[in-house]
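K.L.:
Go ahead and model the full structure; you've got the sequences and the hints to work with.
Under the working numbering, the very last position in the sequence shown is 761; numbers go up by exactly one each time.
Please keep in mind that the hints were generated in silico from the structure rather than gathered at the bench.
Since the model is a prediction, treat every value here as computed from it, not as a measurement.
There could be a bad hint or two in this list.
[Said to hold, decoys possible] Here are the simulated EDC-like pairs of lysine to aspartate or glutamate, each with C-alpha atoms no more than 16 angstroms apart in a straight line: (1) K542 - E469; (2) K542 - E471; (3) K602 - D472.
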Amino acid sequence: MAETISRTKKSLRNTVFGMAGLFCSLVVTFATKSVFVRLLGAEYNGVNGLFSNILQVLNLAELGFATSVAYALYKPLKDGDERTTAALMNFFAKIYRIIAVVVTTVGCCCIPFLQYLIAEDLSELSFSLNELRGYFAMYLASTVCSYLLAYKRTIITADQNNYLVTNVDNICNIMLNVVQIALLLIYKNFYAYLATMIAKTIINNLILHLIAGKKYPYLRTYRKEKLAQAEKSAIFKNVQAAFLHKIGSVVIFSTTSIIISAFVSLIDAGKYSNYVMIVTGVNNFINIVFTSVTASIGNLCVDESEDRQYAVFKKVQYLALFSGVFSYICFVALFNPFIAIWVGEDMVMSMWVVFAISLNAMVGYLRKAVNTFKDAKGMFRNDWYKPLLEAAVGIGLAIGLSYVWGTFGVVMGYTLATICIAVPVENWVLFKQGIHKPLTRQALTLIVTTLFAFAMGAVAYFVGTFIPAGTGWSGVGWFVLRFVFVVVFAAGVFILATCRTEEFKYYKNLAVTIIKKIVGKIKVKLGKKQPAEVFPAIDANEQSIEQNVGDENGSKEEAEQKKEDAENCDSEKSENVQSVDNDKQNDGGGDDEQRR
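P.N.:
Put into structure tokens, the structure is as follows:
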């Protein structure tokens with residue numbers, strides 16, 4: 166398939182559309198949660214978090230097929246091989262139907278044992294055992310429905326059109342959450358809330374199913390196309406490793422509420438779910454960036470050298486480091502004030518729990534660049550043992566520490582397992598077996614970044630204590646003041662610490678280019694200049710900045726000669742490309758000296 170749109174353009178489009186829609190979706194989702202907690206109470210909130218985690222564990226039946234098939238789709242989509250693409254999707258559809266049956270069966274087997282996952286006596290709670298089982302059956306129905314239609318999401322994402330998926334997800338989420346709020350206010354009934362959730366799952370995936378059918382009509386033409394046995398074998402080999410990685414992910418992120426409910430209390434599980442919802446909301450924003458570039462990175466890994474891959478990795482990791490530091494500082498300083506305003510002061514947890522949740526989130530963000538490249542390169546089997554070891558140690562520490570420190574012990578147990586096992590293994594595999602670069606610099610980067618985040622988080626929290634908490638509308642006003650201070654502080658200290666790096670200069674130049682394009686479009690609409698191509702400056706920025714991964718030891722004279730030759734071609738260059746070149750010259754000659 167001819168690449169008429171650059172990787173940078175597709176990544177930017179996916180990111181912009183995703184973030185805009187997700188922001189609106191999150192506002193409505195948080196409003197729904199606030200109404201839910203205030204009307205139904207902490208017990209139903211705990212049930213909601215518990216069942217969500219149980220079903221995430223049941224989703225292990227997916228085995229990692231989505232990741233493995235997405236990796237297999239990169240090459241046929243790029244080459245325009247419609248038969249192979251259709252054969253992969255036919256195979257995927259069949260697998261997902263089997264998974265739906267397995268999840269239904271296992272979920273039904275869990276129903277008789279639900280009461281053993283709640284530490285409290287059911288007689289002390291506001292719902293009966295039969296009601297509890299009915300709630301779980303509706304959660305199970307929502308999950309099973311997703312498997313019957315959701316498989317076509319994969320081809321849209323693998324083809325670097327993830328913005329379509331995020332747009333549909335966000336629009337459906339906004340509309341159905343509004344309906345949930347209305348039903349909660351009218352009926353104050355958990356069954357109505359769950360019925361709307363099932364409807365959302367069906368409508369959302371049906372729309373994506375229809376979009377994929379229209380965008381890739383050859384899927385219907387070759388709907389009986391069979392996948393070659395060699396392709397199946399390759400997918401199953403990757404699935405074996407991807408499944409093991411999925412175990413580690415599910416254990417660390419999806420069993421926390423289960424253990425808190427079983428070994429601490431259902432009420433604490435409900436409180437914890439409020440914090441997790443905030444982390445998940447932030448994580449969704451960050452995931453849009455990394456999901457948007459994963460397919461582009463997969464394309465890059467097919468075409469480019471390891472030096473080029475490493476240069477792009479450093480740019481992607483800069484985003485991961487910023488996400489980790491920024492989120493940790495904001496979580497530590499803002500978690501409890503926001504929870505008190507959002508769902509009430511009785512839902513606030515101790516600062517020790519806040520620290521553990523914030524650290525766990527930061528570690529997850531710091532891993533994103535490495536895992537994005539590992540997934541894009543299809544390195545599923547290289548560290549197959551890691552998730553098993555991580556899961557075993559994580560569960561053991563979480564249960565053991567729950568008897569000593571309660572909820573803090575559970576969260577910290579999982580976090581320690583991730584830091585001591587997952588992070589070292591993932592980095593070793595990518596750097597030693599993937600891009601073949603020294604690991605020492607990467608290790609120092611992660612350690613220094615973590616210590617920097619701890620220090621700046623302490624400063625932000627300490628300064629924030631001087632801003633009154635307040636109650637009612639005055640409390641909202643004081644929180645806004647604290648929020649502005651913490652956000653500016655968190656972003657500012659990271660930028661100051663990294664402003665001399667090549668990665669920062671790259672993103673600064675890219676941001677300047679985008680701003681100039683926006684200004685140019687405004688001028689076009691005002692009739693001050695003629696329309697130009699939509700993305701040439703961004704593409705030129707990608708070529709001139711992202712590709713400077715040639716011989717860094719080359720002579721300065723050769724680089725200067727190339728720049729002089731380029732300037733002699735100004736009659737053939739567009740005004741936008743000149744703008745990018747001028748920006749680069751203003752920022753210094755470092756990039757020009759490295760350009761091949």
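K.L.:
Each hint needs a verdict: does it hold in this structure or not?
P.N.:
Verification of the supplied hints:
1. K542 - E469: holds, 12 angstroms
2. K542 - E471: holds, 11 angstroms
3. K602 - D472: The given pair, whose Cα atoms are some 9 angstroms apart, holds under the 16 angstroms limit.
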